[in-house]
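A.B. asks: Starting from the known structure of chain A, arrange chain B on it as the hints suggest.
Those sequence lines, one after another, are chains A and B.
In terms of the working numbering, the first sequence opens at residue 1 and continues consecutively.
In terms of the working numbering, the second sequence opens at residue 1 and continues consecutively.
Keep in mind that the hints were calculated from the coordinates and are not lab data.
All residues carry an ideal CB built from backbone N, CA and C; glycine is no exception.
Treat the hints with caution; some may be incorrect.
Said to hold, decoys possible - Calculated cross-link-like contacts (lysine to any residue; reagent style SDA-like; alpha-carbon spacing at most 20 Å):
| # | chain 1 | residue 1 | chain 2 | residue 2 |
| --- | --- | --- | --- | --- |
| 1 | A | Lys13 | B | Arg96 |
| 2 | A | Lys76 | A | Asn148 |
| 3 | A | Lys13 | B | Ser199 |
| 4 | A | Lys13 | B | Leu67 |
| 5 | A | Lys13 | B | Arg99 |
| 6 | A | Lys13 | B | Thr198 |
| 7 | A | Lys76 | A | Thr65 |
| 8 | A | Lys13 | B | Ser97 |
| 9 | A | Lys13 | A | Leu25 |
To be verified - Listed next, the stretches of chain B that the computed footprint assigns to chain A, with coverage defined by at least 3 CB atoms under 8 Å from CB atoms of chain A:
| # | stretch |
| --- | --- |
| 10 | 25-33 |
| 11 | 124-131 |
| 12 | 226-233 |
| 13 | 246-254 |
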Amino acid sequence: MRRARAASRIAPKLRARTARSLAVLAGALVVAWSLAPAIWQILTALKPTDQIAHVPTVYLPHPLTWDHVAALWTRKPFGRYLANSAWVSAWATVLCLAAGALAAAAVARAPGRARAALLIALLVISLFPPILLLFPLYEMVRALGWINHPIALIVPYAALNLPLAVWVLEAGFREIPAELDDAAQLEGCPTLTRLWRIHLPLAAPSLATAGMLVFIFSWNELMLALTFMTRDGSKTVTAGIASVGGASLYEIPWGQLSAAIVIATLPLLALILLFEGRITSGLTRGAVSE
Amino acid sequence: MSGAVWTRERRWLLAPAAALLLLVVAFPIARLLALSLCRTELSHGIVLRFAGFEQHARLWQDGRWWLALRNTLVFGVCSVTAELTLGTAFALLLDRSFRGRRWARAIVMVPWVLPSAVMALAWAWIFNDSFGVLNDLLSRMGLVRGPVAWLGSPVTAMAAMIVADVWKTTPFVALVVLAGLQSIPSSVIEAARVEGATSARILWHVVLPLVRPACLVALAFRGLQAMGAFDVPYVMTGGGPGGSTETISLYAYRSFYRYLDFGYGAAIAVQGALLAALVLLPIIRFARRPGGSR
Numbered sequence: 001m002r003r004a005r006a007a008s009r010i011a012p013k014l015r016a017r018t019a020r021s022l023a024v025l026a027g028a029l030v031v032a033w034s035l036a037p038a039i040w041q042i043l044t045a046l047k048p049t050d051q052i053a054h055v056p057t058v059y060l061p062h063p064l065t066w067d068h069v070a071a072l073w074t075r076k077p078f079g080r081y082l083a084n085s086a087w088v089s090a091w092a093t094v095l096c097l098a099a100g101a102l103a104a105a106a107v108a109r110a111p112g113r114a115r116a117a118l119l120i121a122l123l124v125i126s127l128f129p130p131i132l133l134l135f136p137l138y139e140m141v142r143a144l145g146w147i148n149h150p151i152a153l154i155v156p157y158a159a160l161n162l163p164l165a166v167w168v169l170e171a172g173f174r175e176i177p178a179e180l181d182d183a184a185q186l187e188g189c190p191t192l193t194r195l196w197r198i199h200l201p202l203a204a205p206s207l208a209t210a211g212m213l214v215f216i217f218s219w220n221e222l223m224l225a226l227t228f229m230t231r232d233g234s235k236t237v238t239a240g241i242a243s244v245g246g247a248s249l250y251e252i253p254w255g256q257l258s259a260a261i262v263i264a265t266l267p268l269l270a271l272i273l274l275f276e277g278r279i280t281s282g283l284t285r286g287a288v289s290e
Numbered sequence: 001m002s003g004a005v006w007t008r009e010r011r012w013l014l015a016p017a018a019a020l021l022l023l024v025v026a027f028p029i030a031r032l033l034a035l036s037l038c039r040t041e042l043s044h045g046i047v048l049r050f051a052g053f054e055q056h057a058r059l060w061q062d063g064r065w066w067l068a069l070r071n072t073l074v075f076g077v078c079s080v081t082a083e084l085t086l087g088t089a090f091a092l093l094l095d096r097s098f099r100g101r102r103w104a105r106a107i108v109m110v111p112w113v114l115p116s117a118v119m120a121l122a123w124a125w126i127f128n129d130s131f132g133v134l135n136d137l138l139s140r141m142g143l144v145r146g147p148v149a150w151l152g153s154p155v156t157a158m159a160a161m162i163v164a165d166v167w168k169t170t171p172f173v174a175l176v177v178l179a180g181l182q183s184i185p186s187s188v189i190e191a192a193r194v195e196g197a198t199s200a201r202i203l204w205h206v207v208l209p210l211v212r213p214a215c216l217v218a219l220a221f222r223g224l225q226a227m228g229a230f231d232v233p234y235v236m237t238g239g240g241p242g243g244s245t246e247t248i249s250l251y252a253y254r255s256f257y258r259y260l261d262f263g264y265g266a267a268i269a270v271q272g273a274l275l276a277a278l279v280l281l282p283i284i285r286f287a288r289r290p291g292g293s294r
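Chain A on its own, in the form it takes in the complex:
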């Protein structure tokens, strides 16, 4: 009797504790699932070749080798790929943010119905599958003589990420009190100056979020990069790595490929781990404010 009562007193505490440890366990599983493929690539990249193609699988590289990483720079124009990706993504981000900030400033101060219509139109545009645009864009790029030129990717990347940039920036601009804007207007401050002096500094977090997302998505794009960049020296890092995969899967030097995969993804890994809070809150504020 007494023991039963004691048990019923302990039970809620016990249940809370098991619930908490179950949550921790689930959290650990989720973290493991999210990181495992990336960690496996890192291990493969640092393994001597004979341990990569070994049955049964060798899990930890012993000794660690930097040969695959070094081979990337000597045997493939991997440095070029990285530089191309960085160049294209950076300019696409600049162009996208410039056009996006202007548009977002207009949308943020538009009367309710026009604003909703513009935002929905942008959303619909962002939902078109890219295969619809691929071939006509290719024709255009060829007619302009832009094949193998970075601008062939910069302009489409800026345009394709524009809806997202406007959504994120608009949410940031909306938080700036309209009175501030009106006061500056009465002082005779022209529109572009107001945008530069008031909107952009006050909405700097949104600008950073939008910039990071546009950069990440430009860095990751494959389909256009694959078709517009035919020369090896012009390829971006995704196209360079993916064109290795298209060959026979048996001839692939997996050590080098893993090293390439790791290096191509490290910048993004750093971005998300450092700025995760900002990226997710910026994204969801744009979404939830509707």
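C.D. replies: What follows is chain B alone, placed relative to chain A:
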């Protein structure tokens, strides 16, 4: 009304964005629609001739189109279902407070920012038949006897692609659902608890109905993206074995660049997009209908 301040300049502020979208989206779509009504003749260079709906009609008799359509639907339905389930579970977990939650959130987002083209290769390595780590793990656990050629047979190749896609995009669903969860006022849940509802009942009858709009947003986005899947099949399987993982986008891509059949490729892309829109419509209607929660 302070809106008046911007009225005159508004048009000009929208101009650069409008120009970009016209050039990169509107014009190409118009061109693609026109192309889909043409036949390519390769006799004297490449000549396009108007052919009405001939290309669209060809699709009916093309077994490869139906296979690609089936593959795309199987891929889309399986991966989006798994992503919504897993993503909601991730979001519920990340919504609780526990030590290290900030880090857990950052790490859960990792797959979403990595390039799918590159990580599809990483998955191909994991699923590799002779040296892949999956076969090793499974045989150590005694679950398989001898190596399985995951990417070598139709059903397992599709399953491998779905796993890679689920890994990559579950974080997106988790992110959207988490935003939905955080917009639920805690007073609602407190009220249910005071009434004596158990956690399971609160989850089922209060929390999940309230995050339904967020789930539908995620469903719409992911559904459309999955209907246009290109990167993962291109890199991981190349559409093989025997076309069993070729998606609509991959088939259209090949019609353009391998077979130089531009009109037909355009027709494939147009019909694929129309079907995707058809899939989306009921979701939007469902989202508009007031939920049972209110």
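A.B. asks: Which of the numbered hints are not met once you compare them with the structure shown?
C.D. replies: 4
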